[in-house]
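For the protein sequence lines, the chains are A and B, in the order given. Going by our numbering, the letters in the first sequence line up with residues 4 to 359, in that order. Going by our numbering, the letters in the second sequence line up with residues 4 to 359, in that order.
If you're looking for bench data, these hints aren't it; they were derived computationally from the structure. As the structure is a computational prediction, the values presented were derived from the model and not from experiment. Be aware that a few hints might be false.
Copies of the same chain look alike in the list, so a pair counts if it works inside one copy or between any two.
[What the hints assert, rightly or not] In silico DSBU-like links for lysine-lysine, alpha-carbon gap of 35 Å or less:
{"id": "1", "residue 1": "196", "residue 2": "29"}
{"id": "2", "residue 1": "306", "residue 2": "294"}
{"id": "3", "residue 1": "200", "residue 2": "295"}
{"id": "4", "residue 1": "294", "residue 2": "75"}
{"id": "5", "residue 1": "200", "residue 2": "107"}
{"id": "6", "residue 1": "68", "residue 2": "113"}
{"id": "7", "residue 1": "113", "residue 2": "200"}
{"id": "8", "residue 1": "200", "residue 2": "306"}
{"id": "9", "residue 1": "295", "residue 2": "75"}
{"id": "10", "residue 1": "306", "residue 2": "196"}
{"id": "11", "residue 1": "107", "residue 2": "295"}
{"id": "12", "residue 1": "107", "residue 2": "306"}
{"id": "13", "residue 1": "68", "residue 2": "198"}
{"id": "14", "residue 1": "294", "residue 2": "29"}
{"id": "15", "residue 1": "29", "residue 2": "113"}
There are 2 protein chains.
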Amino acid sequence: MTPATPAAQHIGASHIEAFIASAFQKVGISVPEAQSIAQLMARADVNGSEGHGIFRLPQYIRRIKGGAVNIKPDIRIEREAAAMALVNGDNGMGHLVMKFAAEKAIEKAKTAGVAWVGAKWSNHAGPASLYASMPVAHNMIGLYLAVGNANHLPAWGGLDMLLSTNPIAIALPGEDEAPVILDMATTVAAYGKVKTKAQRGEMMPEGWMMDRQGNPLTDPNRSNEGFLLPIGGYKGYGLALMFGLLAGTLNGAAMGRDVVDFNADDTTPTNTGHCIVAINIEAFQPVAEFKKSVDVLVRDLRKSERLPGVDRIHIPGEGSHAARTDRVKNGVPMPPSLMAALDALAAELGIAPLGK
Amino acid sequence: MTPATPAAQHIGASHIEAFIASAFQKVGISVPEAQSIAQLMARADVNGSEGHGIFRLPQYIRRIKGGAVNIKPDIRIEREAAAMALVNGDNGMGHLVMKFAAEKAIEKAKTAGVAWVGAKWSNHAGPASLYASMPVAHNMIGLYLAVGNANHLPAWGGLDMLLSTNPIAIALPGEDEAPVILDMATTVAAYGKVKTKAQRGEMMPEGWMMDRQGNPLTDPNRSNEGFLLPIGGYKGYGLALMFGLLAGTLNGAAMGRDVVDFNADDTTPTNTGHCIVAINIEAFQPVAEFKKSVDVLVRDLRKSERLPGVDRIHIPGEGSHAARTDRVKNGVPMPPSLMAALDALAAELGIAPLGK
């Protein structure tokens, strides 16, 4: 969660959703599809993933206008077996492709026990946790992998940026406890965090980035002189590589040298790859028992004795749960810079400004 | 790979395998099962995973003699659907349980496209890569997760060691390139590396362990005064937690407070949990195309421009491949301390010593 600045306006999720939907409709996306995307993007903001919510709207619209994204995609299953499907997203918005893929995975896991659905010719789809969480409402575990949309990571010891921050998200339900949701990049910091530091005029801690001589890079304004560092050194490099092979290469999607930097390019399709796995808990054990075991573990972790100076133990997904609880009630804090960008977008598209 | 000391004897894999098989037969395991375990343990040594090969034999025998492990297990499928199975290992040797599980996953993935097989009431099974690699021979991708057999990791910010080094392994085939195989603990160092440092009288680098005041712990002889650190801080904590929930909790196996420290205990069953996923490449795309894409990526990574002082870019699995190539020809280097331990074991069991 980014702390709200004093000047931040709070906007209700329904307003955010309506604004996003009207923007996508204005550039030619059908009403139901625009609403689907808007719902997922607003959900990202409500969940505290503000780097992946309405913040991305101007870029998404720019890429649609640039012809990089297909506004009338024929999202379809290209290959299928009892426990898998390969979805061709037809270069549609990633949110539509991955909603389709997640629903297919959930449907198949109901009978097969587990299902793995890959997608190619997709696009940036927002936060990984959105899709990993979808199976949870069906008493399933969700696991999501993706190839990131810009290469900022070299091989360990290398300089050529052939890998992205390829994220993993895993979500599963507790009983009385909130779902446990891990959503992480395989780099120490996601690239969005570097951009946020630059916007705020702050230095980065050592360990986020390295320059091409191997020295720590801490000035975010010099980020193009270096690269992101993987978690755990060669281990994070290995994870980024393997997740990319599973989410990209296996699906016939872009990986390595074929990845398009979608921040720098408004005209080229990205052929983004992702995959979503749905695991039907009931196939393994009674759902209620599993949820109880999750609660016991979460509570054992939370009540652990703590290191000096540590206020509390965090469980993955807790921050997002707290953001959701707050924002459903109080709205989403919108920094003035973002409101200005959205006002400009509204003027450009000829739609009503957000919150008016 | 541990570099061979000058005094290290080299022993052929077939001798290692025969010795291990005779040891297990001597404590009551059937001939075919003893041979299966021996084959997998010798394979670990040949692959350069010497911390998980014959090195573990005295401990395995000790735990069998202590009654902690069932020598006549009825390894069986307890639950099953098209793309999943839950294996009850009946407290048998982990190698037998996970070989059974991997074969089941491969069989199911042939028709379902993907299959996920979990195991409970298993035991330590050696290196994760052994099982992740099994689907590769069938033109499949393997993914393996496990709950480690001793808790050395607290929640991030905590002191109670409720988590283990829960590893992940992913293996997939190239065409002319060796299979890409990632096999890693979710901690910066596996606990075995700490023990090796102690044996060698070396200090650990900062970042491996922390003491209970939050200071770096670098003396491996003081390892019981602290705990392992996860890769990427809270991210590695999240991975260890989620992998444990998938490999342990979901299968009804031990996780959190229920994990038994099998290094300190020769009598209590561990109820170890693992899972193996087999992904049939052919379901997604022609196998030859996939393998070619893997080769292209591997070569792009390998020929990357390098950081100053870096001799070469490593691809996960390359070290293991080099060890295998060398050891199939020249045998496995066995340090004198290990030979002495195995001689003592041979005398105790009344079997012929290794290499004689």
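Quick rundown of the hints versus the structure:
Proximity of residue 196 and residue 29 under a CA criterion of 35 Å is satisfied intra-copy only: 31 Å inside one chain copy versus 59 Å between copies. Taking the closest pair of Cα atoms, residue 306 and residue 294 come within 35 Å of each other only inside a single copy of the chain (18 Å); across copies the shortest separation is 48 Å, beyond that limit. For a Cα distance limit of 35 Å, the shortest separation of residue 200 from residue 295 qualifies neither inside one copy, at 40 Å, nor across copies, at 40 Å. In the homo-oligomer, the alpha carbons of residue 294 and residue 75 lie at most 35 Å apart only across protomers (33 Å), although the nearest pairing inside one protomer, at 41 Å, exceeds that limit.
In this homomeric assembly, residue 200 and residue 107 never come within 35 Å of each other (Cα to Cα): the closest approach is 39 Å inside a single copy and 49 Å across copies. Within a single copy, residue 68 and residue 113 get their C-alpha atoms no closer than 39 Å, and across copies no closer than 44 Å, so neither meets the 35 Å cut-off. With identical chains, the CA atoms of residue 113 and residue 200 are never at most 35 Å apart, being 44 Å at best within one copy and 49 Å at best between copies. When the C-alpha separation of residue 200 and residue 306 is checked against a cutoff of 35 Å, the pair qualifies both within a copy, at 33 Å, and between copies, at 33 Å.
For a Cα distance limit of 35 Å, the shortest separation of residue 295 from residue 75 across copies, 32 Å, qualifies, whereas the shortest one inside one copy, 44 Å, does not. In the homo-oligomer, the alpha carbons of residue 306 and residue 196 lie at most 35 Å apart both inside one protomer (30 Å) and across protomers (30 Å), since each shortest distance falls under that limit. For the homomeric pair residue 107 and residue 295, the shortest alpha-carbon distances inside one copy (28 Å) and between copies (29 Å) are both at most 35 Å. With identical chains, the CA atoms of residue 107 and residue 306 are never at most 35 Å apart, being 38 Å at best within one copy and 39 Å at best between copies.
Proximity of residue 68 to residue 198 under the C-alpha cut-off of 35 Å is restricted to the intra-copy arrangement: shortest distance 24 Å within a copy versus 59 Å between copies. When the C-alpha separation of residue 294 and residue 29 is checked against a cutoff of 35 Å, the pair qualifies neither within a copy, at 44 Å, nor between copies, at 43 Å. In this assembly of identical chains, residue 29 and residue 113 lie within 35 Å of each other by CA distance neither inside one copy nor across copies; the values are 38 Å within and 46 Å between.
In summary, the structure is inconsistent with hints 3, 5, 6, 7, 12, 14 and 15 from the numbered list given earlier, while agreeing with the others.
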